[in-house]
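Colleague: For reference, the chains in residue letters:
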Amino acid sequence: MNDTVIHVENLGKRYRIGVSPERYKTLRDTIVAGFNAPIQKLRQRSSNSLSSIGPNIIWALRDISFDVPRGKVLGIVGRNGAGKSTLLKILSRVTEPTVGSAEIHGRVGALLEVGTGFHPELTGRENIYLNGAILGMKRVEIGRKFNEIVAFSEVEQFIDTPVKRYSSGMYLRLAFAVAAHLEPEILVVDEVLAVGDAEFQRKCMGKMSDVAQEGRTILFVSHNMSAILRLTEETIVLDKGNLVFRAPTAQAVDYYMAAGFSGLGERAWTPEEIPADAAPFTPLAIRVRDSKGQIVDTFRSTEPFRVEVEYSLDQSITGLRVGIYLLTMRGEYVFTSFDLDDPTQFDKLGIRQEGHYISHCTIPENILNEGQYVLAVNASSFRVKRYFWDDHALAFTVDATGAPGKQWPEPRMGPIRPALDWVIERL
Amino acid sequence: MAADQLPNSHEDLIILKPTHGLAALNLRDLWVYRELVLFLSWRDVLVRYKQTALGATWAIIQPLVQMVVFTLIFSRAAGLSSEGVPYPIFNYTALLPWGLFSKAMNDAGRSLVNNRNMITKIYFPRLTIPVASVLSGLVDFGIAFLVYIGIILYYNFAPNSTYTFTVTPALLTLPLFIILALVATLGVSLWFSAANVIYRDVGHILPFLTQTWFFLTPIVYSSSEISKQWQIIYALNPLTGVVEGFRWSLLGIHSLPLPLLLVSAGVAVVLLITGLIYFRNMERTFADEI
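Protein chains in written order, with numbering that gives the first Met the number 0: chain Y, 0 to 426; chain W, 0 to 289.
To be clear, the hints were calculated from the coordinates, so they are not data collected in a lab. Mixed in with the good hints there might be a few duds.
Stated by the list, open to error - In silico DSSO-like links for lysine-lysine, alpha-carbon gap of 30 Å or less:
(1) Y/K137 to Y/K202
(2) Y/K206 to Y/K71
(3) W/K16 to Y/K137
(4) W/K49 to Y/K137
(5) W/K16 to Y/K239
(6) Y/K163 to W/K49
(7) Y/K71 to W/K16
Unchecked claim - Pairwise CB distance ranges, derived in the manner of DEER restraints:
(8) Y/A284 to W/I204: 42 to 52 Å
(9) Y/S208 to W/P206: 49 to 59 Å
(10) Y/Q250 to W/W30: 42 to 52 Å
(11) Y/P119 to W/T165: 45 to 55 Å
(12) Y/Q314 to W/A77: 52 to 62 Å
(13) W/I204 to Y/C360: 45 to 55 Å
(14) Y/Q250 to W/N113: 38 to 48 Å
(15) W/I204 to Y/Y14: 22 to 32 Å
(16) Y/A197 to W/P17: 39 to 49 Å
(17) W/N113 to Y/P303: 47 to 57 Å
(18) W/I289 to Y/S208: 34 to 44 Å
(19) W/N113 to Y/R138: 16 to 26 Å
(20) W/D200 to Y/S208: 41 to 51 Å
C-beta atoms are modelled at their ideal positions from N, C-alpha and C, and glycine is treated no differently.
Generate the whole structure from the sequences, applying the supplied hints.
Modeller: Right under this line is the structure:
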């Protein structure tokens, strides 16, 4: 039965974004709008303007069409704000499209966020039943899989403890365990692997490949390119709400990683790329400069270079730390570093006042191997809030000319290429 | 695939596209997800009394204390009549459906917003949330009813009591009035829960609306205090019919005021149907607006 299970045609989703998204609509607004509506209609008629093109309207998705055959594992990649989550929300029926249509054959299980519907006051046992029911399982079905779920989550001793007393790791394991034992024909997964420790992630990946091998259809969104490469056969690339590329995964990942890096060595964020909940943090730009201070996108591995993150704060933030992640093109982490990693700095800058800032650091020479790298940016207060996150902020190339071992024209394995003090002793 | 799963056939086709105009009520969805309704009401009940020292005793204390206070104020101080029944019984009989209504209206009115993390992440029929919220009130109602039986027994067997409870066939109609109470409660709850998603004003309206509504309902007084020509208008409050029905069925006070009851029941049904339509129409933007 190699038929189509998902058929998406010209799908689009429009959002209204308020001037101040924090404010809820009040009755007064509606009444005032009601009085103004006839006047505005008259105005519109006279100026002949299209009401749909306003500053407060954005298309999160536009004109998306694709088919997914039964049993296919399809990856979806794209930067923040590209429309991945909106697409999954429409396909999992959380929200309606504005235009176009999608046909779905079979039960859809959505993992948009693990632990949704968990109630902190209820015990693990109670939450398994509740969460299962929310995800669409029947009581007998949950009962049958109960032991399996508990075993997978490894929280046996705490199954009758309220989940508010769980560690975050236990909480995640339990939540994923319930969702993973759902048996939908179509599984929609959004970035569940971005959370939890390495062991948990390994387990999730294992479960996902099991599901895929059972011949079920999976739509998988991730920023983790190695997970996408491992799990999916084919991948679509979204950019600013449009479907820009669809190909076998290896090609699509290369396209995605290489494409879209505007200005060489510099990347500025446009307002629509910044999620509303980033406030009061506004990311402005990330740049890389060589040892002479030039903004460039290629460095010699034998020279140091500087990474700058420019941002502004509309209000002071307590405990804010701004940091970078360095990744390979395949999405493997090389290192993570924050501007307050030094404890003495951290004590001095507990509260960062409002203002315009640049956090910069120097990556010393003889660290990176030749190849292409990606910088990701994270601005957060530890365990309080992640204000901003762009895991695909800027790419640059490292050229190893003159690096240790370059006299042999062979590729060196691994992302780092340190200059080590070798001593050869004759005994 | 196991046979007991929701939309369980491969033939199940879902078409997702923008809907326009009046939404179909599609109550079948609610039936398919009936277990979720039960789970959610079970959760609401469990959570209500978790980490409280007195637990479900609160469901007894609240109406009991209310009754004592009202007896002191309205019977002793204000001297309101209670149609020949001891005032505590007269009052408590009305507090039973009122407690169900006011609690459910307040809980259900806020229920969608309180569950917003679920609504923005998972699909399930949104109706399950306010319906479950209303149904969870039935548990407290049941407990309060046990107390009611205790009060009746006390007045029957206390040595110097002049009241005796008589069992009449009218008692058999009590479930009908409970259903009427649920219909009115659900209708009002659907309106408020859906409106609250878009207008947070509802959160401010609910407390003082509850208070006003309380005095517009014959709880501390008898509906016979209202003059004849206003009776039908008075009955536009669906709770009037519910309370009078409870008193007639349980206490056998005067004859059943049929016109009043019909008006109240009519209003309750209209509230429920319009509430469903309103809810369904607002539902499509819940995930975006909440």
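Colleague: Can you tell me whether the CB distance of Y/Q250 to W/N113 sits inside 38 to 48 Å?
Modeller: Holds - the Cβ-Cβ distance for Y/Q250 and W/N113, about 46 Å, lies within 38 to 48 Å.
Colleague: Need the status of pair Y/K71, W/K16: alpha-carbon distance at most 30 Å?
Modeller: holds, 23 Å
Colleague: Cβ-Cβ distance between W/N113 and Y/R138: within 16 to 26 Å?
Modeller: holds, 24 Å
Colleague: Tell me if the beta carbons of Y/S208 and W/P206 are separated by a distance inside 49 to 59 Å.
Modeller: holds, 53 Å
Colleague: Given a hint of 52 to 62 Å, does the C-beta separation of Y/Q314 and W/A77 actually sit inside it?
Modeller: holds, 54 Å
Colleague: Given the hint of 47 to 57 Å, is the C-beta distance from W/N113 to Y/P303 inside that range or not?
Modeller: Given range 47 to 57 Å: holds, Cβ gap about 53 Å.
Colleague: Regarding the pair Y/K206 and Y/K71, is the alpha-carbon distance no greater than 30 Å?
Modeller: Holds - the C-alpha atoms of Y/K71 and Y/K206 are around 16 Å apart, at most 30 Å.
Colleague: Quick check on a hinted range of 39 to 49 Å for Y/A197 and W/P17, using CB atoms only.
Modeller: holds, 42 Å
Colleague: W/D200 and Y/S208, beta-carbon distance inside 41 to 51 Å?
Modeller: At 50 Å between Cβs, range holds.
Colleague: Do the alpha carbons of W/K49 and Y/K137 lie within 30 Å of each other, as the hint requires?
Modeller: The given pair, whose Cα atoms are some 25 Å apart, holds under the 30 Å limit.
Colleague: Decide if the proposed pair is consistent with the structure: W/K16 and Y/K137, CA atoms, cutoff 30 Å inclusive.
Modeller: holds, 27 Å
Colleague: Cβ-Cβ distance between Y/A284 and W/I204: within 42 to 52 Å?
Modeller: holds, 47 Å
Violation of the numbered hints given earlier is absent; every hint is satisfied by the structure.
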